[in-house]
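Student: Here is how the chains run, residue by residue.
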Amino acid sequence: MLHVTGIRKRFGQTIALDGASLDVSPGEVVAVVGPSGSGKSTLLHCAAGILRPDGGEVAFDGRRIDALGEGDRSRLRRTSFGFVFQFGQLVPELTAAENIALPMMLGGARRRAALAEARRWLALLDRREVAGKRPGDLSGGEGQRVAVARALVHRPRLVFADEPTGSLDSLSGEHVMDILVRLAGDDGAGVVIVTHDPRVAAYAQRDVTVRDGRVVTPVAA
Amino acid sequence: MIGLAVSLLVGGGRRAAVRLALIVGGVAMGIVFLLGALAIGPARDRADARVTERHSPAGALPSDSRPALLWAAFQTTPTSVDGRDLEVLEVGATGPGAPAPLGAERVPAPGEVFVSPALDRLLRSDAGRVYRLRFPGRVDGTLGRAVLHDPDELVAMVGMPSAALDGATRITSWAAAGRAEADQNGGNTFNRRLVYLLVAVAVLVPIAVFVAASTRLGAAAREQRFAAMRLVGATPRQVAGGAAAEAAAAGLAGGVLGLVLALGLRTRAADVSIAGYSTFPADLSPPVWQVAAVLAATPGLAAAAALVSMRRIAVTPLGVRRRGSAGRPSAWRLIPLGLSWAELAVAVQLGDTLTEDGKLAALGVGFAGAILGIVVAGPWLVGALAGAVARVARRPGTLIAGRRLQAAPTTAFRAIGGAVLGVFAATAVLVYLPSHDHWSNGEAHVPSSVAAPVADAYVQVFRDGAPYARVHALARRLARLPGVEDVAAAADTRQGRALFAGCAEASRVLRVRVHCPARGVLADRSLGRRAGEPLTLRGARTSVGGILPTSAVSIVVPRGAVPAPPHPSVFLLATDGSLAAAQRVRAAVTASGLYGDVETAADEARFVPAPDPLRRQAELVLALMLSIAGCSLVVMMVEGVLERRRELAILAAAGTRPGSLRSAAALEILVPLGVASVASCVVGVLVTATLLRVRGIGLVIPWQALAELLAASALVGAAVLAIGLPVLGRAIGAENLRTE
Amino acid sequence: MSVPHTVLGLLRTGPRHGYDLKKAYDTRFAHARPLRYGQIYATLARLQRDGLVILDAEEPGQGPDRKRYVITEDGATELERWLHETEEPEPYLHSTLFAKVVLALLLGEDARATLDAQRARHMARMRELTELKRTGDTVDQLLSDHALFHLEADLRWIELTAARIDRLRTAVTADAG
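Protein chains in written order, with this note's numbering: chain A, 60 to 280; chain B, 250 to 989; chain C, 57 to 233.
To be clear, the hints were calculated from the coordinates, so they are not data collected in a lab.
A quick note: this is a predicted structure, and the numbers were derived from the prediction, not measured.
Careful, some of the hints might be misleading.
Claimed, not checked - If you want the ones that stay clear, here's a sample from chain C, every Cβ over 10 Å from chain A, calculated:
{"id": "1", "residue": "Pro90"}
{"id": "2", "residue": "Thr128"}
{"id": "3", "residue": "Leu139"}
{"id": "4", "residue": "His178"}
Unchecked claim - Among the chain A residues that face chain B by a calculated CB cut under 8 Å, a handful are:
{"id": "5", "residue": "Phe144"}
{"id": "6", "residue": "Arg170"}
{"id": "7", "residue": "Leu174"}
{"id": "8", "residue": "Glu176"}
Using N, Cα and C, we set each Cβ at its ideal position, and we do this for glycine too.
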């Protein structure tokens, strides 16, 4: 489904990616691990079409997305991808339900329908009661669960998660990872998780290591 | 403490530097306006005192036989030059040793003309050369400040033989003249100073808002530094003291910068025209103690404001908490506005049972209450409207903007408060003036063309005891002037506005065929030409009182041919219509030494109605308030975007159209600005309507002016977006996704 | 950790006397697993019996210290096999892993590949346990958690060692000199 082949990216003098590759099949959960500064977040940004790589190819469903214009990539991210970040992704002034409804509204859904769907997702998360709360009134774990719902609500084909449990305690982190992997699996969506935490990476079916801007392939044991 | 303050001032990078620059700049701007307001009152008083002295200097006692200066102001009607008056003073000396006239070193000899610098420039210009013909003599000197109101004034002092000035004021010494009269203006002066101070305050409020908005720049980073200082052992008092010292330093810097700017601007005062005229720099000197008080109070006030704002937050070593939640503004905030309205309604009901002073007091309270009411009710209105917008929003941008405004309506309103008050005040002025004009002009609204004089030139002389021979001599001289084709003598009847003339003479001078039927003829130049035939007079009294505007000059030709009056006081002239001929006519009247009222069509055609000074002042203040409010909005918008750049970058990464984010940011500015502008415009109309009713004046709504006012407000919003939106474009870059 | 394989590894760098071997072992591995003097000879005897080492031509002199041991072809094969085999992810693994990394560095082999392979094996085990935790009952979850935390500790050590491999190489080869 997603084929990233030999992409390079530099920021000024710093080489962030130096020929990194990554493949994700439908329904597959892949962890991207590696030390900080290794380029794993940049790999995610390039794979998701947020950044345009300097070289190499990124293909999604056979379409070169690195060649698309900003507007087309934006639409692709809005319709086919979902995103979970470490923090700061919820709009603080919107309620939890409105935050979840946001991607659907961005996709042109009617407000009423979007909010109903958002409440259904909160029920799925067993967090019906937070619908009217604002992100500032949610605990970190609740906030991340809302964020997961927001990333999945518009049925994306692929979900990108960058340190999704980075600011949570172990138990909350497990809950978040569990619903992310479970709900994405229910929909048959692929998941790419960038993490430095092996316990998070263990939720993936396989992991790839990024080191010095390259993906290191371990020799088969 | 000082070290702490310095570290606060210089530490913190570029945003802190921008913040400091904005605060110092804002304070400096405020100081400039305050010093200006303090200076302009005394300056105007001095200028007005000079004009009073120029027009009616105290003459010498009849018993004083020393050589005297003969001083005749306003001998002839001022010429209008592009909306400004060209005024001619006639002076002469009864003998050597007479005191020098005001603004000149000596008495100009007969045939000599001294001119003000602005007039000198005019006479030297190609377009203004024709006005040299206005003076019987040659330009031979320059007039100084002592005789001028302002640097732009067009004044000439013409030297005359003493014999021609027998009606003039005799002055043997300037020392005793004038002073007493200038002081009689005391009450008026007080009112005017009060107005200037109120205007300054009206400008200072948005400036204060701007400074307050600037202090929010980089607030998060700043508060982190406060917390860090607490962590290394600073006490809350030390932190607050540091912040206060920082504010005081910024206030002092702003004060000094403001003083320097004010001094710099003072030298340019002659080039800057406020409400129609400029000022001599030398006039602009507020009392030193006032300047000192302003400069001394600024750092103190800044420090106090900083301490007050520090009380609202709790600085702990682990971070900064806001004390007490802001809470949503409730509908109770409408009460002051309602009260002020009720007060005005009561005043309307009481109507004429109130004394004039009672009415004034009621109106003053009502007006001040309305302003306070707008300030108090504004956040509620913004919050309520934002809530409504968020409830019905169908697009994500609208939803986000609505919710953000709903979360902080007070902050949003504060930024636009200056603009809103400006719109309110301007609405009041814009509605009041046309209503008042309409009322004072009576039923008939007279188009200006009707006011044109009936002949090419009209000269009325007031003999004032001079022999008739001089009047006749002037008539002969007028007839001989180049460009003058005919002179008809007439007699003044009513208020100098309607004249009786002979039928044949009137036909000749007016160049219309005047039939002289049984009941007589009313000849009006503009009406006669347009209709192609004369109008029948229905009766001299009716026509003068009922049809004619008081300012128009008409000629009534009565039943039968009446011969020219033996001692005419009015002359109607047919000329070639040139400006040169008009100036020669004026010069001839001046040279005659007679007190003359001169109107010429050539001059009138060049008349540019001067903009209403009150309206111009209102527009100026509004423009200032709107631009300062615009600056506050830019600061607020930029800070809002920078504060949320990670959130915005994440939304953009998740595929949100940049257009949606832009529309959210734009709506956040435009919704409160638009709504509050319209609301304060409506309140302004309503309050002014009540005010007019109390005074018994009918309401005239100047729709176009109000539309322009709202357009100006919209323009400010557009300008803010033009500056702020590029910042948003930079903030949504992927580099802001990084977790620092 | 496996003492016989460690001894084989040390012999792979060249023939050594028993006394040298003990000294080489002590500098690098004594803190991981201390060895009594006699144990070296017992181990060498067992390796000799299995044909993995042989005695070098005996030098003149007396006593056990005069014997020099040499690794055989079979010994080298066995060493290779052991070095490249990943260990079963289990608690208290680090001494073996440490020995492997040091020997790999000593022999100029790619120690990082060793670590990467081991890391992959750990991850696979963690995935199994995570799956068990997500599907199993509370007891399964608690037991999985315990194992997962230990594995995570190993994994972090592996990652840290990988990050510091160049410094370790310098240290190990300096000792060998």
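Student: Confirm or reject each hint.
Tutor: Here is what the structure says about each hint:
Interface exclusion of C/Pro90 from chain A stands, the closest Cβ pair being 30 Å apart, more than 10 Å. With 10 Å as the threshold on Cβ separation, the claim that C/Thr128 sits away from chain A holds: the shortest Cβ distance comes to roughly 27 Å. Even its closest Cβ contact with chain A, about 13 Å, leaves C/Leu139 beyond 10 Å, as expected for a residue assigned away from the interface. Distance to chain A contradicts C/His178 as a non-interface residue, since its nearest Cβ pair spans about 8 Å, not more than 10 Å.
Checking A/Phe144 against chain B by beta carbon gives a least distance of about 6 Å; that is within 8 Å, so the hint holds. About 5 Å separates the beta-carbon of A/Arg170 from the nearest beta-carbon of chain B, less than 8 Å, and the hint is met. A hinted interface residue such as A/Leu174 counts as satisfied when its beta carbon comes closer than 8 Å to some beta carbon of chain B; here the least separation is about 10 Å, so the hint is violated. A least Cβ separation of about 15 Å between A/Glu176 and chain B goes past the 8 Å threshold, and the interface hint is therefore violated.
Going down the numbered hints, you'll see the structure goes against 4, 7, 8, while the others check out.
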